[in-house]
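Each protein sequence line maps, in turn, to chains P and L.
Each residue of the first sequence is one higher than the one before, starting from 275 at the first, in the working numbering.
Each residue of the second sequence is one higher than the one before, starting from -9 at the first, in the working numbering.
What the hints contain is simulated information worked out from the structure, not anything from laboratory work.
Predicted model only: the values in this text are computed from it and were never measured.
We put the beta carbon where it would ideally sit given N, CA and C, even for glycine.
Some hints here could point you the wrong way.
A partial selection of chain P residues facing chain L, derived with a Cβ cut-off under 10 angstroms [unchecked claim]:
no. : residue
1   : V289
2   : I293
3   : G294
4   : G297
5   : D303
6   : L308
7   : T312
8   : A314
9   : G318
10  : H329
11  : T350
12  : Y357
13  : A360
14  : M363
15  : L364
16  : H365
With beta-carbon atoms standing in for the labels, derived distance ranges [unchecked claim]:
no. : chain 1 : residue 1 : chain 2 : residue 2 : range
17  : P       : L276      : L       : V63       : 25 to 35 angstroms
18  : P       : S355      : L       : C3        : 18 to 28 angstroms
19  : P       : G331      : L       : V63       : 18 to 28 angstroms
Selected chain P positions facing chain L (in silico; Cβ < 7 angstroms) [as the list claims (entries may be wrong)]:
no. : residue
20  : R300
21  : L304
22  : F305
23  : T306
24  : H309
25  : P353
26  : R361
Listed below, chain by chain, are the residues.
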Amino acid sequence: MLELFTSLFLLIGGVFALIGSIGLARLPDLFTRLHGPTKATTLGVGGILIASMLHFGGQGNGLSVHELLVTLFLFTTAPVSAYLVARTMLHLSGKSVDTGTGRQGISDKETS
Amino acid sequence: MNRWLPQPLLSLCLWLVWLLLANSAAPGQILLGGMLAVALPLGTKRFWPDRPHVRRPLRLLVYFSVLLWDIVVANLTVARLILGPVRRLRPAFIRLPLDLTDEFAIVVLAHTLSLTPGTVSADLSIDRRTLLIHVLDLDDEAMLIARMKQRYEVPLKEIFAC
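Chain L with its partners taken away, still in its complex shape (with noise of 0.2 angstroms):
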């Protein structure tokens, strides 16, 4: 298993990013799709010194739902912002300390972040500890902070368990 699937996570992403790059379930489609994520992990496994540890997928399927109604509450808010007096908006920067260890999971967190109502990911320390973002229209930090690590951080700990 693991020696020819170093990463089933990976394989599995693969294999379905090519069935709807072909658009059919048909059978010569799968089977290539199968090869495919066989053997492009095999091959770019240099490229993958240490793999994210994803610990419980299932939770992470909760976790792109949950972003995804989310970004459309991001849509409508940061579109009511845009079109309302521009002026009244309050604009800054924040900081907002990490606790998850794990690259990958800052990733996701930093691209939650943009994707969510109001902030964006500007710069990551070089500590990795803190996460600069910015917000358009900043009402209470210590709030919007407490609020980011409860809804994103939180479950991400959890499934990639570091």
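The shape of chain P in the complex, shown without the other chains (with noise of 0.2 angstroms):
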């Protein structure tokens, strides 16, 4: 019983994981693809994060829970890092948040 619980929710991170990796290769720019590895990916980590909980907590040697610090410092540092490359990429191209914003994005506001 308790291994079909483990297996699901590998399975469940495994396709999350994978739907963030998909959205990597499909999605057309920079800034769309930070989606992807901020959020897809931390409920990936987090169902194997789960199994792993599960079947070593069911190893009878005691609650297993530092799973949990993992899943912590990925909520804390994920941002961080989508934060960084998104600011690099601002950068690079010359803008900030005080140049133009709206639905063609600061680029095509810029040209125009």
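Assemble the dimeric complex from its two separately framed chains, guided by the hints.
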């Protein structure tokens, strides 16, 4: 029974990690690609960690909780790296928050 | 209290993280973690010129549970967007005017927005009043801004009292 749940969560995690990677390949530009790794992969890793907690918790050595820390670190570091990449891209193109925004995005508004 | 525990919340977090790392609640680990939780904030006091003023720690817990749920929803939303027709996405930058003044609160807000549906925070203006956000599929800018402000900024404002 426990193995069933472990496999289920492993599958869920794997599927979401895969979706995140597909996003990286399919999405058109750098900024949209940032959305894949900050979101779809968090649930992917989350699923795998839940599976790990179930698996090692079920071996009779008491509850296994340090997987929670991985989640915590992931949630604090993923946005930082996304922010750094986005900001580098903005600076490389010479734009910042003080230039235009809107549906067309910064670059389009700048050129028009 | 204040002399030995300049930052009670940081100490509590350090202690919990230590226990999680050790993966046990044996008395020795509790004591060692406690010692570290006191020593580390004291040793790094200089790096925290103005510590975050958390007025309502309990509300912070509520906030994080809402956030956890939103992250799961966000994953499903983004997965759907990624697997759907990519050409129909309407990516855009929007600017979120900030009411928060506390730096730490802004960091928490920026993190939150990066982890929730279809938005990634990309830049903060020099005067710290505006957050630049990239949206994967923009539908209604005014509604999105109102939603972000209502769901995340208002509670953060209460928690950090700024």
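Quick rundown of the hints versus the structure:
A distance limit of 10 angstroms between C-beta atoms decides the matter here; for V289(P) the minimum to chain L is near 9 angstroms, and the interface restraint holds. Of the supplied interface hints, the one on I293(P) holds, with its beta-carbon coming within about 5 angstroms of a beta-carbon of chain L, less than 10 angstroms. At about 8 angstroms, the closest approach between the beta carbon of G294(P) and any beta carbon in chain L falls short of 10 angstroms, and the interface hint on this residue holds. Checking G297(P) against chain L: minimum C-beta separation of about 4 angstroms stays under 10 angstroms; hint holds.
Among the interface hints, the one on D303(P) holds; its C-beta lies about 8 angstroms from the nearest C-beta in chain L, closer than the 10 angstroms criterion. About 5 angstroms separates the beta-carbon of L308(P) from the nearest beta-carbon of chain L, less than 10 angstroms, and the hint is met. Hint on T312(P) holds. Least Cβ distance to chain L is approximately 5 angstroms, under the 10 angstroms limit. Below 10 angstroms, beta-carbon pairs count as interface contacts, and A314(P) has one with chain L at about 5 angstroms; its hint therefore holds.
Hint on G318(P) holds. Least Cβ distance to chain L is approximately 8 angstroms, under the 10 angstroms limit. Checking H329(P) against chain L by beta carbon gives a least distance of about 14 angstroms; that is not within 10 angstroms, so the hint is violated. A distance limit of 10 angstroms between C-beta atoms decides the matter here; for T350(P) the minimum to chain L is near 7 angstroms, and the interface restraint holds. Nearest Cβ of chain L to the Cβ of Y357(P): about 6 angstroms, under the 10 angstroms cut. The hint holds.
Look at A360(P): its Cβ gets to within about 4 angstroms of chain L, closer than 10 angstroms, so that hint holds up. Annotation: M363(P) was flagged as interfacial toward chain L, and the flag holds, the nearest CB pair being 8 angstroms apart, inside 10 angstroms. Because the beta carbon of L364(P) sits about 6 angstroms from the nearest beta carbon in chain L, less than 10 angstroms, this interface hint is met. The closest approach between the C-beta of H365(P) and any C-beta of chain L is roughly 9 angstroms, which is under the 10 angstroms cut-off, so the hint is satisfied.
Between L276(P) and V63(L) the beta carbon distance is about 27 angstroms. The supplied range of 25 to 35 angstroms therefore holds. About 21 angstroms separates the C-beta atoms of S355(P) and C3(L), a value consistent with the hinted range of 18 to 28 angstroms. Distance hint check: the CB atoms of G331(P) and V63(L) are about 26 angstroms apart, consistent with the given range 18 to 28 angstroms. Annotation: R300(P) was flagged as interfacial toward chain L, and the flag holds, the nearest CB pair being 5 angstroms apart, inside 7 angstroms.
Checking L304(P) against chain L: minimum C-beta separation of about 10 angstroms lies over 7 angstroms; hint violated. Restraint check, F305(P) versus chain L: the minimum CB separation of about 5 angstroms is within 7 angstroms; hint holds. Among the interface hints, the one on T306(P) holds; its C-beta lies about 5 angstroms from the nearest C-beta in chain L, closer than the 7 angstroms criterion. At about 5 angstroms, the closest approach between the beta carbon of H309(P) and any beta carbon in chain L falls short of 7 angstroms, and the interface hint on this residue holds.
Because the smallest distance between the Cβ of P353(P) and any Cβ of chain L comes to about 3 angstroms, under 7 angstroms, the interface hint for this residue holds. For R361(P), the suggested interface contact is upheld, since its CB lies about 6 angstroms from the closest CB of chain L, less than 7 angstroms.
In terms of the numbered hints stated before, the structure departs from hints 10, 21, listed from lowest to highest.
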